[in-house]
Structures are given as C-alpha cells and as structure tokens.
Amino acid sequence: SAVISQKPSRDICQRGTSLTIQCQVDSQVTMMFWYRQQPGQSLTLIATANQGSEATYESGFVIDKFPISRPNLTFSTLTVSNMSPEDSSIYLCSVEFAGALYEQYFGPGTRLTVT
Amino acid sequence: KQEVTQIPAALSVPEGENLVLNCSFTDSAIYNLQWFRQDPGKGLTSLLLIQSSQREQTSGRLNASLDKSSGRSTLYIAASQPGDSATYLCAVYTGANSKLTFGKGITLSVRP
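Residue numbers (the numbering used here), protein chains in the order written: chain A, 1354 to 1468; chain B, 14 to 125.
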C-alpha cells in the first residue's frame, strides 16, 4: 500500500483565480492519476500523470484548464485554472504500483469551493 | 464504453443486519474490480480487490464476489454496525490506458 497526502485539504476560492493542488506519495510510483468528484456524483478521471512524459487527458479535460506537473516519482500537482463555480468538487489523486495487480490507492482529497 | 451501475443509490438498515450491495458492469473484459469506502467529504479507502480470475475475496466482516461473465459483483457486509455508514463505490479496471471506471456509489446508513 501507500501513504498519500494532498495539500490543501480544502479551500474556498474566488472565480477567475487558480489553485494548485499537491499530491505526495511515500514511495516511488510510476503512475499517478487525478480524479474529480462533483457534488453527488462519482469519480471522473481527469488525467494520467507519468513521470518523464506529458500528462494524458481524458475527453472533456484540457491542459489549459487543468495543467499537471510530475517532476519526480513521488510528487505531482494539479492546477485548476480560471475557476468557476462549476469547478467546485473534490479533487483526488491516486497511484498505481507496477505489478501490484493494478490496484489503485487514493489520497484524502482536496475539497474545493469556488464562489 | 464501460459503464458501472450501483442500485439502489441509498440504503438504510438497522444495526446487526446482514446486507448485500450490488454492482454491475457492461464490459466483462476487466482486469479486476475494487470496492471502496468513502466517508462524507473524504477520500477513498480500498476495501477489497478481486482479480478477474477470482470468484471472491474476504476481509473481516466483508466479502466481495465477482461473476465476470454476467458482469456482476456483490459486497456482503455481515452484522452491520453504525460505523459502517458511508458511501460504497465499486470500480472496474479495464486495462485500456489503466482506466478505473466507477459506479455512482451506494450510500449506506446503519441505524443504531
């Protein structure tokens, strides 16, 4: 398993601003993922972030709105840019260990409210 | 496109009852299925993972089964407790681009 931390745990932001969410893992992982959970909904994958390559975005998500960095094997950031109230969600990062039966472990999430 | 369905959306039971949560998926070509627990406003805790070659997995009072050919999984909770109150999500891993597809979850309330 893995210990995953996210910062901040929650934030309230004004529309038009940007927020960067950090995800830290206590061991090296190849694959990291960013998910969004809108109120009352399930999780939707935003992008896959592998170290040393550009993030791969899912349909409906673009790099200009959700830029992602993956500078090393234990850390990643997701920025939510030019925020609107529709971006109010819980944002979660997850990791997958190579050879670990494709099991994913999730961080505690960042609760974002945009006013 | 893989779709995961969990019905009902909410369930309320008295303490001590044994219960079954259902999950169905449309594409049987999966690598595994995971059950997660989510407390309000929190992240996900992995409960059980069943590989595609397995029929069931057990952890304490929890037992998850998988019938891949029919596209179904169940999570059995024995002797439910108020502390089991949470949202339970199932997710299937299809392997394509390492994608985990989630259901919308079942919100369980266990009444003392």
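Keep in mind the hints are simulated off the structure, nothing from the lab.
Be aware that a few hints might be false.
So the derived label-pair ranges between C-beta atoms look like this [to be verified]:
id : chain 1 : residue 1 : chain 2 : residue 2 : range
1  : A       : Ser1362   : B       : Val33     : 12 to 22 Å
2  : B       : Arg124    : A       : Pro1424   : 26 to 36 Å
3  : A       : Ile1416   : B       : Ser59     : 21 to 31 Å
4  : B       : Asn35     : A       : Gly1405   : 32 to 42 Å
5  : A       : Thr1383   : B       : Lys14     : 18 to 28 Å
6  : B       : Asp52     : A       : Ile1365   : 32 to 42 Å
7  : A       : Leu1426   : B       : Gly73     : 29 to 39 Å
8  : B       : Gly54     : A       : Val1356   : 30 to 40 Å
9  : A       : Pro1424   : B       : Gly108    : 39 to 49 Å
Calculated cross-link-like contacts (lysine-lysine; reagent style DSSO-like; alpha-carbon spacing at most 30 Å) [as the list claims (entries may be wrong)]:
id : chain 1 : residue 1 : chain 2 : residue 2
10 : A       : Lys1418   : B       : Lys81
11 : B       : Lys81     : B       : Lys14
12 : B       : Lys117    : A       : Lys1360
Take a look, some chain B residues computed to stay more than 12 Å from chain A by CB distance [unchecked claim]:
id : residue
13 : Leu32
14 : Ser37
15 : Asp40
16 : Gly73
17 : Arg74
18 : Leu75
19 : Asp80
20 : Arg85
21 : Thr87
22 : Gln94
23 : Leu113
24 : Gly116
25 : Pro125
All values derive from a computational prediction rather than experimental measurement.
No residue lacks a Cβ here, since even glycine has one placed at the ideal position from N, Cα and C.
How the hints compare with the structure:
Here the CB-CB span from Ser1362 of chain A to Val33 of chain B is close to 34 Å, at odds with the stated 12 to 22 Å. Checked against the hint of 26 to 36 Å, the C-beta distance between Arg124 of chain B and Pro1424 of chain A comes to roughly 48 Å, which is inconsistent with it. A hinted range of 21 to 31 Å holds for the C-beta pair Ile1416 of chain A and Ser59 of chain B, which are about 29 Å apart. Roughly 41 Å separates the CB atoms of Asn35 of chain B and Gly1405 of chain A, a value that falls within the hinted 32 to 42 Å.
Range check, Thr1383 of chain A to Lys14 of chain B: Cβ separation about 26 Å, and the 18 to 28 Å hint holds. About 21 Å separates the C-beta atoms of Asp52 of chain B and Ile1365 of chain A, a value inconsistent with the hinted range of 32 to 42 Å. The given range of 29 to 39 Å is respected by Leu1426 of chain A and Gly73 of chain B, whose C-beta atoms sit roughly 33 Å from each other. Between Gly54 of chain B and Val1356 of chain A the Cβ separation comes to about 20 Å, which falls outside the hinted range of 30 to 40 Å.
Range check, Pro1424 of chain A to Gly108 of chain B: about 27 Å between beta-carbon atoms, so the 39 to 49 Å window is missed. Under the criterion of a C-alpha separation no larger than 30 Å, the hint pairing Lys1418 of chain A with Lys81 of chain B is inconsistent with the structure, at around 37 Å. Proposed proximity of Lys81 of chain B and Lys14 of chain B is supported: the alpha carbons are some 16 Å apart, at most 30 Å. Annotation: proposed proximity of Lys117 of chain B to Lys1360 of chain A holds, straight-line Cα distance about 25 Å (limit 30 Å).
With 12 Å as the threshold on Cβ separation, the claim that Leu32 of chain B sits away from chain A holds: the shortest Cβ distance comes to roughly 21 Å. Every Cβ of chain A is farther than 12 Å from the Cβ of Ser37 of chain B; the closest lies at roughly 14 Å, confirming the non-interface assignment. Separation of Asp40 of chain B from chain A is adequate, the least Cβ-Cβ distance of about 16 Å exceeding the 12 Å criterion. Chain A leaves Gly73 of chain B outside its interface by the beta-carbon criterion, the shortest separation being 16 Å against a cut-off of 12 Å.
Against chain A, the non-interface label of Arg74 of chain B holds: every CB pair exceeds 12 Å, the least being about 20 Å. Annotated as non-interface, Leu75 of chain B keeps its C-beta farther than 12 Å from every C-beta of chain A; the closest such distance is 16 Å. Asp80 of chain B, annotated as away from the interface, keeps every beta carbon of chain A farther than 12 Å; the closest lies near 19 Å. Listed as a non-interface residue, Arg85 of chain B keeps its Cβ farther than 12 Å from every Cβ of chain A; the least gap is roughly 18 Å.
Remark: the non-interface label on Thr87 of chain B is consistent with the geometry, its nearest Cβ contact in chain A lying 18 Å away (cut-off 12 Å). Consistency note on Gln94 of chain B: stated as away from chain A, and its beta-carbon is indeed over 12 Å from all of that chain's, at 23 Å minimum. At the 12 Å boundary, the C-beta of Leu113 of chain B falls inside the reach of chain A, the nearest C-beta of that chain being 6 Å off. The Cβ of Gly116 of chain B does not lie farther than 12 Å from every Cβ of chain A; its closest approach is about 6 Å, which violates its non-interface assignment.
Against the 12 Å criterion, Pro125 of chain B stays outside the reach of chain A, whose nearest CB is about 26 Å from its own CB.
The structure fails to meet hints 1, 2, 6, 8, 9, 10, 23, 24 from the earlier list, while all remaining hints are met.
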